[in-house]
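**Q** Using the sequences plus the hints, can you model the full thing?
Taking the numbering used here, the leading residue of the first sequence gets 23, the next gets one more, and so forth.
Label-pair ranges, simulated between beta-carbon atoms:
1. R485 x P372: 22 to 32 Å
2. P101 x Q341: 31 to 41 Å
3. P374 x G330: 54 to 64 Å
4. R385 x A97: 49 to 59 Å
5. D186 x R159: 18 to 28 Å
Under the rule of at most 30 Å between Cα atoms (straight-line distance), these lysine-lysine pairs were calculated in the DSBU-like manner:
6. K158 x K248
7. K248 x K285
8. K86 x K332
9. K420 x K356
10. K377 x K410
11. K285 x K86
12. K377 x K420
13. K420 x K410
14. K356 x K410
15. K332 x K248
16. K356 x K377
17. K248 x K86
18. K285 x K332
If you are wondering where the hints come from, they were derived from the structure by calculation, not from laboratory data.
None of the values given here were measured: they were computed from a predicted structure.
Beta carbons are placed, not taken as given, at the ideal position from N, Cα and C, and that holds for glycine.
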Amino acid sequence: MAAQAPAPPKPRQATDSGHRGLPPLEADGAVVLRFAPGPSGPLHLGHSRAVALNHAYRELHDGKLILRLEDTNPAVVDPAAYDLIAADMEWLGATPDETVVQSDRLEIYYGDARELLSRGAAYVCHCDAEEWRELKRQSVACPCRPSEPAAQLTEFEALLAGGDGIVVVKTDLADPNPALRDFVALRVAEAPHPRQGDAWRLWPTYNFAVAVDDYRLGVTHVLRGKDHLNNTQRQQWVYRHLGWDEPQFIHYGLVSIPDTLLKTSTIREGLTAGEYSGWDDPRLATLAALRRRGYQPQAIMDYWVAAGVKEADITLSWQNLEAANRTLVEPEAKRLFWVPEPVELVLDAPQPLEKRAPFHPDRDEMGERRETVALGATVSLPAADVQKLAEGDLLRLKNLCNCRLCDGRLEHAGDNPVRGVPIVQWCAAGAPLQLLRPDGSLTDGIVEPAAAELEGEVVQFERVGFVRLERGQALFLHR
RNA sequence: GCUCCUGUGGUGUAGUCAGGCCCAUCAUCUCGGCCUUUCGAGCCGAGGACCCGGAUUCGAAUUCCGGCGGGAGCACCA
Numbered sequence: 023m024a025a026q027a028p029a030p031p032k033p034r035q036a037t038d039s040g041h042r043g044l045p046p047l048e049a050d051g052a053v054v055l056r057f058a059p060g061p062s063g064p065l066h067l068g069h070s071r072a073v074a075l076n077h078a079y080r081e082l083h084d085g086k087l088i089l090r091l092e093d094t095n096p097a098v099v100d101p102a103a104y105d106l107i108a109a110d111m112e113w114l115g116a117t118p119d120e121t122v123v124q125s126d127r128l129e130i131y132y133g134d135a136r137e138l139l140s141r142g143a144a145y146v147c148h149c150d151a152e153e154w155r156e157l158k159r160q161s162v163a164c165p166c167r168p169s170e171p172a173a174q175l176t177e178f179e180a181l182l183a184g185g186d187g188i189v190v191v192k193t194d195l196a197d198p199n200p201a202l203r204d205f206v207a208l209r210v211a212e213a214p215h216p217r218q219g220d221a222w223r224l225w226p227t228y229n230f231a232v233a234v235d236d237y238r239l240g241v242t243h244v245l246r247g248k249d250h251l252n253n254t255q256r257q258q259w260v261y262r263h264l265g266w267d268e269p270q271f272i273h274y275g276l277v278s279i280p281d282t283l284l285k286t287s288t289i290r291e292g293l294t295a296g297e298y299s300g301w302d303d304p305r306l307a308t309l310a311a312l313r314r315r316g317y318q319p320q321a322i323m324d325y326w327v328a329a330g331v332k333e334a335d336i337t338l339s340w341q342n343l344e345a346a347n348r349t350l351v352e353p354e355a356k357r358l359f360w361v362p363e364p365v366e367l368v369l370d371a372p373q374p375l376e377k378r379a380p381f382h383p384d385r386d387e388m389g390e391r392r393e394t395v396a397l398g399a400t401v402s403l404p405a406a407d408v409q410k411l412a413e414g415d416l417l418r419l420k421n422l423c424n425c426r427l428c429d430g431r432l433e434h435a436g437d438n439p440v441r442g443v444p445i446v447q448w449c450a451a452g453a454p455l456q457l458l459r460p461d462g463s464l465t466d467g468i469v470e471p472a473a474a475e476l477e478g479e480v481v482q483f484e485r486v487g488f489v490r491l492e493r494g495q496a497l498f499l500h501r
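**A** This is the structure in structure tokens:
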């Protein structure tokens, strides 16, 4: 007999114990969580919320976190994604305790499908897809639905061997919510699977595979976005049909991430069209791109924990995420002079001058950059700063000397800082270095020699912002 | 169209279940000041919110009713 309609997912109980951070889960034993992406590409900022929340709860309850790769649609599997996703999780500090791959588990789904069929809780359907949907819309059973379990099981074995058809989980056709009436559990996909070749032709759909796996892997808490609210109710039908105890379902609101392309399939299109240099193109919000620009995983994780698990939809604030990252990066970042759109001026000084500039203004132990500026040397200054200067104006070359703009040259005007005089970064020696911003724009500039030793590091270009140095270019992180 | 979720300053969040301790918390943000040889950091100060309307109550962000707004699902995708 078919089960009763499951109750809608219970709202999360607020059991905040007073301390900051996430409210503890209701749990009377071990806590098992899972992060379950489809391997269609590497992870992006949107995915990181699920990773962060599941990981935070694993830590809070000393539980277990499973990475489950949901690759039951051969058409959208990227073979490279399995490793990329694992690497992204590791970078975030959320290494899974266990990894399972759905395409390795087809026999398990078949077993539970047979059980559903034998209980009269599912049926094999050969109707035309359009007609079947239309009948559902009208709350009418299709002709395949009523036949006996024994006949259904025979149909199922036939379907495994060949032919067309689907396996459908019975729900309540009269459910007022059209999204909840009978859903497909298995369907035929003849395309070869990147990992399994043509070993299988009958593949489970998302809802069926998720229900089976969450139960069989012992998941106690299903933590995911609100967009799965209906899926939860569909999956609950499987639990009821098979007499399984349900995990606790928790849904957090949708996140909208402004000014950002997150859809993996769209990114992939841009990639094949040559629009992006790779998954880590700094214009993207993949974790690979953020990592490359110098984002610290902890900033991302902390951001999501602070956002919590409310069901209200939220908007990500880049400003706030940047602030979280800045507090992490600021104490460690060495300071460097980088001169954007440089203008060269001869510096007239009575003798060679020596620059002594600390790598960090608040941390002497990080050392300093020293450089001698020869007599009659040319220094580069930011064009924007030079333009603001009137003839005869006083200017301080940071960590070097004061000078005055006279006749297109800089005249030395004392060594000690003078209050109220604008202070600018400059370069005498130095190498050309372009700054690439997340909007894709490139700015030419010159960086001081000390940069050569700092490739790969997050540094601060004084008066410009934090950047990560690569060979031949700098990637803008944020102010 | 049907079904469901949700609404506290610019952003996120605490408080909402058990109405008064909330002229509302914290962070970020914005503005001003101090400090600083960076427009970074730090310190000090200020600014800014309970979607709207009724009802219940001595008292409502918190309860009830009605609006309005935002979002999602209705795939042989995940």
